[in-house]
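Peer 1: Below, each chain spelled out in residue letters.
Protein chains: 2
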Amino acid sequence: MDAQLSIRRVGIDTWRENVAYLHRECPVVRAAGFQALAKVTVRANGMAINAVLNVVDDDHIVGACELGLSEDAFARLQVAEGHAAAIAHAEPAPSLVALHRKIAGERLAREDWHAIIRDVAAARYTKIELAAFVVATHQTDLDRDEVLHLTEAMIAAGRRLDWGAQVRGGPVVDKHCIGGIPGNRTSMLVVPIVSAHGMLCPKTSSRAITSPAGTADTMEVLAQVELPFERLAQIVRETGACLAWGGTAELSPADDILIAVERPLALDSPGQMVASILSKKIAAGSTHLVLDIPMGPSAKVRSMPEAQRLKKLFEYVARRLNLQLDVVITDGHQPIGRGIGPVLEARDVMLVLRNDPAAPADLRQKALMLAGRMIEFDPDVRGGDGWRIARDILESGRALAQMEAIIAAQGPRSQPIAAGALVHGVPAARAGVVRSIDNLRLARIARLAGAPQVPGAGVDLLVKSGEAVESGAPLYRIHAQYPADLGFARALADADSGYVIDGAPQPVVDAPEALA
Amino acid sequence: MDAQLSIRRVGIDTWRENVAYLHRECPVVRAAGFQALAKVTVRANGMAINAVLNVVDDDHIVGACELGLSEDAFARLQVAEGHAAAIAHAEPAPSLVALHRKIAGERLAREDWHAIIRDVAAARYTKIELAAFVVATHQTDLDRDEVLHLTEAMIAAGRRLDWGAQVRGGPVVDKHCIGGIPGNRTSMLVVPIVSAHGMLCPKTSSRAITSPAGTADTMEVLAQVELPFERLAQIVRETGACLAWGGTAELSPADDILIAVERPLALDSPGQMVASILSKKIAAGSTHLVLDIPMGPSAKVRSMPEAQRLKKLFEYVARRLNLQLDVVITDGHQPIGRGIGPVLEARDVMLVLRNDPAAPADLRQKALMLAGRMIEFDPDVRGGDGWRIARDILESGRALAQMEAIIAAQGPRSQPIAAGALVHGVPAARAGVVRSIDNLRLARIARLAGAPQVPGAGVDLLVKSGEAVESGAPLYRIHAQYPADLGFARALADADSGYVIDGAPQPVVDAPEALA
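Those protein sequence lines, which keep their order, are chains E and B. Our numbering applies: residue 46 is where the first sequence begins, and numbers increase by one. Our numbering applies: residue 46 is where the second sequence begins, and numbers increase by one.
Keep in mind that the hints were calculated from the coordinates and are not lab data. As the structure is a prediction and not an experimental result, all values here were calculated from the model. Treat the hints with care, since some could be wrong.
[Unchecked claim] Estimated spans, in silico, between C-beta atoms of each pair:
1. B:V545 / E:R354: 34 to 42 Å
2. E:P519 / B:D188: 49 to 57 Å
3. B:Q211 / E:G532: 53 to 61 Å
4. E:G127 / B:G548: 54 to 62 Å
5. E:E156 / B:A125: 52 to 60 Å
6. B:H145 / E:V545: 20 to 28 Å
7. E:R475 / B:H145: 30 to 38 Å
8. B:T255 / E:G150: 20 to 28 Å
9. B:A540 / E:A120: 36 to 44 Å
10. E:V545 / B:H105: 38 to 46 Å
By construction, the Cβ of each residue, glycine as well, lies at the ideal position given by its N, Cα and C atoms.
In isolation and in its complexed conformation, chain E is listed as follows (with noise of 0.2 Å):
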């Protein structure tokens, strides 16, 4: 039922999922009965991609003989346009079978797995078959066997890193946080650390998805983050280290897939999180790992018990695939340090890095326990020596001038980026000690306010948990650039500034770190 068509690049950017666009009129639309949203199998010049179709009415878009890609579709085929091509009704991706007994509550055996996330990476799954894949793994709690196998699926089906000539056996550092907590950027001061120490620690962060500020967006304030992965190397080669964007579609083209469903589904099952995060960290040959498990009552881990089951299927999956992992559960009940958003985070790090006293002192001591664990990787460190080294290399400015070697390797931005220069300081309704800061409802302020792709919008908080504060006084400046960001931000801070503040002065909590 194959017909010959003529390709046609379509400048329609539809993300991950193939389209193909076929004219209401076309002879083949027409003898096969395609009807929009069916399931197509283009084949041109040997290759073949699976899409969903739309059908076109409009002979600007595709002629009666054309078959119009997407974008994304288009650079899949490898094929260039005015080639011939086929289209036929697909095949049901094979792994389907195994997605309908997971849908029906079974558990799934390792080569299930496999041929899932290979269909998956070879973009055979439509969005709802992704969608029907994340749902029904989110319901029925993955076995930590299965978390495994997903994971060395996702592995497989990318490329993967190999730094062995660095490193000559030596480890290959990294850290990780699940994420959740605004301002918690001590990825920009582990990496200078632990490299100054003589670590390799090739560092890829992701851009922000739903926070105020990912790695990526925050290190783009000082230098260019986004290099090929040729440069990328030359770099590490040359410092030891990189603080660079992942691009992760290359190293877990799965992931890269399932995370377009999981975000708008607001979907982060244990089994996912842990799937995603180790592949990655495996893919782009990282062989030991600090993992930062933060736990508060607005974290994504909101108490004991579940932090321990996830450190645990974290522990069982790392094991089983060689890499070396120490999980630490930290203090979650508020954002860390004190600024949100890419520029006013940038400026804690810095702070930091120059052991300027006015840095803020939470960002700095887990940073050094974050960066003292990863030091004691190295196996001639004797244990609890990393965080006195790692302090010594802060001290010394050892750290901050690993910093400025790794900027400077990437390419340091030309001109700095400024805060926004719209404030309005939000007030505290009352006089009392702080008890806690809504992490969501922080960073929900910071994106309205226009982080992230607004840089210096964000928000600087003034007080922190534990410390005093007068009625009316300020809580912390919300940053803008444009009026309307101003408004929405201060509205919502207005409503509620996610400040819990109380009459009496109470002892502040002692941080989980301190227990793990």
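Starting from the structure of chain E, add chain B where the hints point.
Peer 2: Just chain B now, kept in the frame of chain E:
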């Protein structure tokens, strides 16, 4: 954050998903940080719709200050081209909180179901969210009150017909089959019989979705089936009946949208099936319904316990919604009649109506049984008399005359359509007695032969269960119009004919309807 743009209709049919097209260089895209797949709200002239964003790089599709809308989105917004419009990040659909509770496995309350279906019907769910809803309600068995509330909500979301003036309190009767049995074209017999008896039977049917023919496709061989609603109502007033295409979008808009997701996922859970069928029947104004549940090894329902559970669920919901329901569990172990495909099935129907000795006995018997049960909804008919009345109507030629009146009223087809001229006989692999015929296999062969897009294509069964065949004698003939179609269908039939033939004759299994 709203911004002014000019509406442009983009001639792309994206089925039920609203898509908005914005140029990558559009200042609004840049300022608000929109990305492909973002969910946006489009506002114009007091109307608002939600849509998924596609980012465009081609000025021919949309200019930098235009807001393109896919065909469905344009129709839904009801605003002319060139009209000013604003776009903003969409607020999440209010019922997504309830959806997340369902994904987490909770039981939902009546108001949750109404909120979800209201949002679905208003196209506030993306395809991804629709898929999440379908999978979540499939995975966690709905209890019967949840199914009731889902059904109620689906009725409330659409238009509801009222035939009160026609029937003056009398019954409005309908029949429905849950599907899965090729050739099972009883509606085209039942409707003329019961309307000849004087009952109002305004039957609307669907076209084939995954089967080789729907009732609407088969009726279309004889008469027009796509009629405006007012014309349909007039035909029903004149003849007491109709046999038309449903065009369900108005009566059950939520069902229409959900089916577009259930179909590609091939998910058909009992709760969704009950809500979908009963909501459409009640919205169409039916007061009395005979429901056919075929049971057999290759039918949708494969065991008597499963059939009984489904029957009780239908009965519970129907009773609560004041629909008189008579559920019949029928023999689904092989196709009904001889023809599979629109033309061949229409031939069978007309043979039965003409009392032709060559008419398939099983189709005739099943139609009389169902018509008889519908006739017993008549308060003036004694229990047990329905079958005899139906037979008298059929044998006297009154059913044929009524069918001719319906055809004349809907508009007869000017030229008869012939069965596909390319024919291949599929031979028996051995001598013996036919024990069973695989419904799914025969349906697939008929579809590959071209049905229903090619109305004359399909399969014509020459031997049914319980009959003896010689080795090499033809079991059925494949009809096609195009050589390629015949080749595909023949290859599938050669691999496995779908017939199970026993060496020794066996007694025919009692048909389950005798037990119902």
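Peer 1: A separate judgement is required for each hint: does it hold in the structure or not?
Peer 2: Status of the hints after comparison with the structure:
no. : hint                        : in the structure
1   : B:V545 / E:R354: 34 to 42 Å : 51 Å, violated
2   : E:P519 / B:D188: 49 to 57 Å : 52 Å, holds
3   : B:Q211 / E:G532: 53 to 61 Å : 58 Å, holds
4   : E:G127 / B:G548: 54 to 62 Å : 60 Å, holds
5   : E:E156 / B:A125: 52 to 60 Å : 56 Å, holds
6   : B:H145 / E:V545: 20 to 28 Å : 25 Å, holds
7   : E:R475 / B:H145: 30 to 38 Å : 34 Å, holds
8   : B:T255 / E:G150: 20 to 28 Å : 24 Å, holds
9   : B:A540 / E:A120: 36 to 44 Å : 37 Å, holds
10  : E:V545 / B:H105: 38 to 46 Å : 55 Å, violated
The structure fails to meet hints 1 and 10 from the earlier list, while all remaining hints are met.
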